[in-house]
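Trainee: The chain contents come next:
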Amino acid sequence: MAIVELRNLVKRFEIGEVVVEALRGVSLSIEHGEYTAIMGPSGSGKSTLMNILGCLDTPTEGSYTLDGHDVSSLSDDVLSDIRGSKIGFVFQSFNLIGQLSVLENIEVPMIYQGRGVKECSDRAKELAERVGMGHRVKHLPRELSGGEQQRIAIARALVNDPLIIMADEPTGNLDTKNGEAIMKIFDDLHEEGKTILIVTHEPELREITERVIHFRDGLVESDEAGGRARR
Amino acid sequence: MKIFLVRRILHMGVNSIWRNRLRSFLTVLGIVFGVCSVIAMLAIGEGAAHDALEQIRELGSQNIIVRSVKPTDTENIAAETTMMLEYGLTYNDAERIRSTVPSVEVIAPQRAIRGSLQFGHKRTEGNVIGVVPWFPEVAHKNVQPGGRFITDREMRDRLNVCVISDELAKQLFLFHQPLGQDLKVKDDYYRIIGVMEPEQSAQHSKSARSAQLNVYIPLTAARFRIGDILVERQSGAQSMEKVELHQLTIKVHDASAVERSAKIIDGLLKRFHKKQDYEIIVPLELLQKARRTQRIFSIVLGSIAAISLLVGGIGIMNIMLATVTERTREIGIRRALGAKKRDIILQFLMETTLLAGFGGALGVLIGVSIPFFIEHFAAMTTIIRWWSPVGAFAISLVIGIVFGLYPAWRAAQMNPISALRHE
Ligand SMILES: Nc1ncnc2c1ncn2[C@@H]1O[C@H](COP(=O)(O)OP(=O)(O)O)[C@@H](O)[C@H]1O
Ligand SMILES: [Mg+2]
Numbered sequence: 001m002a003i004v005e006l007r008n009l010v011k012r013f014e015i016g017e018v019v020v021e022a023l024r025g026v027s028l029s030i031e032h033g034e035y036t037a038i039m040g041p042s043g044s045g046k047s048t049l050m051n052i053l054g055c056l057d058t059p060t061e062g063s064y065t066l067d068g069h070d071v072s073s074l075s076d077d078v079l080s081d082i083r084g085s086k087i088g089f090v091f092q093s094f095n096l097i098g099q100l101s102v103l104e105n106i107e108v109p110m111i112y113q114g115r116g117v118k119e120c121s122d123r124a125k126e127l128a129e130r131v132g133m134g135h136r137v138k139h140l141p142r143e144l145s146g147g148e149q150q151r152i153a154i155a156r157a158l159v160n161d162p163l164i165i166m167a168d169e170p171t172g173n174l175d176t177k178n179g180e181a182i183m184k185i186f187d188d189l190h191e192e193g194k195t196i197l198i199v200t201h202e203p204e205l206r207e208i209t210e211r212v213i214h215f216r217d218g219l220v221e222s223d224e225a226g227g228r229a230r231r
Numbered sequence: 001m002k003i004f005l006v007r008r009i010l011h012m013g014v015n016s017i018w019r020n021r022l023r024s025f026l027t028v029l030g031i032v033f034g035v036c037s038v039i040a041m042l043a044i045g046e047g048a049a050h051d052a053l054e055q056i057r058e059l060g061s062q063n064i065i066v067r068s069v070k071p072t073d074t075e076n077i078a079a080e081t082t083m084m085l086e087y088g089l090t091y092n093d094a095e096r097i098r099s100t101v102p103s104v105e106v107i108a109p110q111r112a113i114r115g116s117l118q119f120g121h122k123r124t125e126g127n128v129i130g131v132v133p134w135f136p137e138v139a140h141k142n143v144q145p146g147g148r149f150i151t152d153r154e155m156r157d158r159l160n161v162c163v164i165s166d167e168l169a170k171q172l173f174l175f176h177q178p179l180g181q182d183l184k185v186k187d188d189y190y191r192i193i194g195v196m197e198p199e200q201s202a203q204h205s206k207s208a209r210s211a212q213l214n215v216y217i218p219l220t221a222a223r224f225r226i227g228d229i230l231v232e233r234q235s236g237a238q239s240m241e242k243v244e245l246h247q248l249t250i251k252v253h254d255a256s257a258v259e260r261s262a263k264i265i266d267g268l269l270k271r272f273h274k275k276q277d278y279e280i281i282v283p284l285e286l287l288q289k290a291r292r293t294q295r296i297f298s299i300v301l302g303s304i305a306a307i308s309l310l311v312g313g314i315g316i317m318n319i320m321l322a323t324v325t326e327r328t329r330e331i332g333i334r335r336a337l338g339a340k341k342r343d344i345i346l347q348f349l350m351e352t353t354l355l356a357g358f359g360g361a362l363g364v365l366i367g368v369s370i371p372f373f374i375e376h377f378a379a380m381t382t383i384i385r386w387w388s389p390v391g392a393f394a395i396s397l398v399i400g401i402v403f404g405l406y407p408a409w410r411a412a413q414m415n416p417i418s419a420l421r422h423e
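Chain order of the listed sequences is F and S. My numbering applies: residue 1 is where the first sequence begins, and numbers increase by one. My numbering applies: residue 1 is where the second sequence begins, and numbers increase by one.
These are calculated hints, taken from the structure and not from any lab test. Careful: at least some of the hints might be erroneous.
To be verified - 20 Å max Cα-Cα, derived SDA-like pairs, lysine to any residue: (1) F/LYS86 - S/GLY302; (2) S/LYS141 - S/THR72; (3) S/LYS341 - F/GLY62; (4) S/LYS341 - F/ARG24.
To be verified - Residues from chain S that keep clear of chain F, each with C-beta distances beyond 10 Å, as calculated: (5) PRO145; (6) ALA211; (7) GLN288; (8) ALA306; (9) PRO416; (10) LEU420.
Said to hold, decoys possible - Quick list of simulated restraints, FRET-style, between CB atoms: (11) S/VAL311 - F/VAL78: 21 to 29 Å; (12) S/SER418 - F/GLY98: 14 to 22 Å; (13) S/SER418 - F/LEU140: 19 to 27 Å; (14) F/LEU140 - S/GLN413: 27 to 35 Å.
Here the structure is a predicted model, which means the values were calculated and not measured. Backbone N, C-alpha and C define an ideal beta-carbon position, used for all residues, glycine too.
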């Protein structure tokens with residue numbers, strides 16, 4: 001069964017008189033364990049799609065089924081729970097909470113799932129180690145480099161064992177070297193069997209993912225097998 | 001499972017305050033000042049009202065006080081011609097009131113002259129008051145244990161005995177036991193037989209204290225030794241005054257009869273006094289007037305207090321609004337990571353409750369100590385009623401929560417994406 005199932009998804013933004021149609025009827029499905037890249041020019045609607053997939057925003061029309069449940073008509077509270085438990089979202093701009101230490105930042109999604117103090121800190125430490133940041137847990141985000149911050153954000157996305165990891169241009173704010181290190185982490189996660197959906201501009205990703213979806217003007221332009229699948 | 005969540009969220013509220021302690025402190029400053037000024041103002045207001053009421057009450061709510069006053073229109077003539085000015089209440093007045101006004105229970109005439117008081121080589125100026133044996137009962141004053149007041153026999157025999165006020169005892173008899181000593185009053189010696197209790201509404205200012213330097217002697221002795229005529233030399237001219245009695249304290253049998261009796265007494269006196277050389281004071285009326293004044297005073301103070309607390313609340317809201325704008329991204333991140341609206345609100349509720357509670361508590365602490373200092377250094381009576389700190393604290397809490405929570409509630413209503421985009 002597909003984890004994500006989209007049918008004729010439309011998203012319109014109304015800014016005063018002007019109506020922008022960012023998604024104009026997108027249909028696609030993502031299977032368990034798939035490693036998918038979404039590519040396309042700026043303004044083609046990739047982020048809009050990711051936000052809807054991540055339950056951060058709701059579609060104007062069409063249906064979105066996540067893990068067998070239709071999420072397009074759920075209450076805010078239920079959507080919050082889904083964001084916390086089933087989705088691990090990685091942002092381009094890291095979005096760490098500046099006041100909190102690295103460890104506390106990783107703990108945040110667990111807190112809202114009501115997990116115990118000890119459990120939270122153990123798991124957060126474990127994931128900090130996992131992304132190679134075990135030695136910096138007491139630091140504040142501003143004391144870390146961009147690449148290090150993004151590792152923390154990935155660790156945070158993983159704490160609740162989400163069904164799917166979504167990343168919207170996770171390397172967009174990073175230099176090549178750091179970007180490659182981050183991509184390596186996603187690669188490893190895929191090896192472990194995680195389902196990953198990633199928006200990127202980097203052409204080489206085409207080579208490592210299983211599937212590449214091209215976007216243009218709010219529509220899927222092409223949906224093809226990536227380098228890994230062809231191999 | 002849920003209890004962990006609530007505890008963690010409360011904990012986050014505490015942490016957030018602690019991480020921003022300076023800003024937190026500045027935020028609550030408005031509340032602190034609001035609360036402490038409310039408490040201090042109310043304490044001063046209550047104290048002033050209490051003093052006024054107490055002074056009137058000491059005059060006695062069942063009493064009517066008639067005082068001799070120098071008629072104003074004859075003043076000039078007297079000064080120019082050195083002829084004797086005769087005015088005021090007389091022994092006949094007292095007798096007439098006693099025998100004709102049925103509601104009168106007792107009547108205590110008194111005479112009061114300024115005079116020098118001396119013990120050893122200590123001298124002072126004070127009030128020499130000729131009184132009757134039942135004066136303490138009528139004037140609501142008591143003699144301190146060990147001493148006694150003037151007796152009927154001493155009154156009849158015009159004996160040279162006296163009772164002194166507590167204030168005078170303190171001034172002249174610092175190292176002596178006053179009882180049994182002879183006090184020189186004007187030109188004669190009087191044996192001290194008692195010391196009065198200190199005044200209840202004791203004023204601490206110097207002038208108020210010197211007004212309480214009193215010597216009470218038998219009225220008969222005062223008449224016999226000092227006489228009714230008072231000679232005063234003023235810048236070469238000599239003026240003479242004849243006043244028999246300075247005051248009549250009339251106690252009626254019931255407080256409800258006070259007003260009516262005062263009218264009857266006024267009518268009676270008018271028949272025998274051509275000039276207006278007396279005044280009638282009805283403490284009960286004063287008391288009622290003072291109560292009305294106090295009520296208005298309380299309303300005004302209450303309004304000022306409410307405004308200052310409101311300003312404090314707006315201060316909190318202002319900073320909270322700024323904070324939320326600043327922290328909208330944080331709220332967006334938390335929402336994106338699974339926080340429900342109510343989780344966000346709970347966190348901010350915790351923060352504002354703590355802030356307002358801390359501010360309120362600090363305000364109560366300072367507000368309660370200010371009256372203490374005022375009492376010590378400004379010699380004013382202050383009274384802190386239990387409801388003033390309790391009420392001020394409760395209101396500060398409510399205002400803090402209402403004003404502090406509104407911005408958080410607004411931020412929580414935002415779409416997580418809009419919150420995240422917030423710059
Ligand atoms: N919140 C919004 N309000 C109005 N227009 C928006 C909003 N978000 C995106 N858009 C518009 O939708 C289109 C798609 O944007 P986006 O999904 O961010 O593209 P991409 O991520 O592919 O660069 C753009 O034209 C953008 O201006
Ligand atoms: Mg984008």
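Trainee: For each hint given before, does the structure comply? Return the numbers of the non-compliant ones in rising order.
Mentor: Hint check: 1, 2, 3, 4, 9, 10, 11 fail, others pass.
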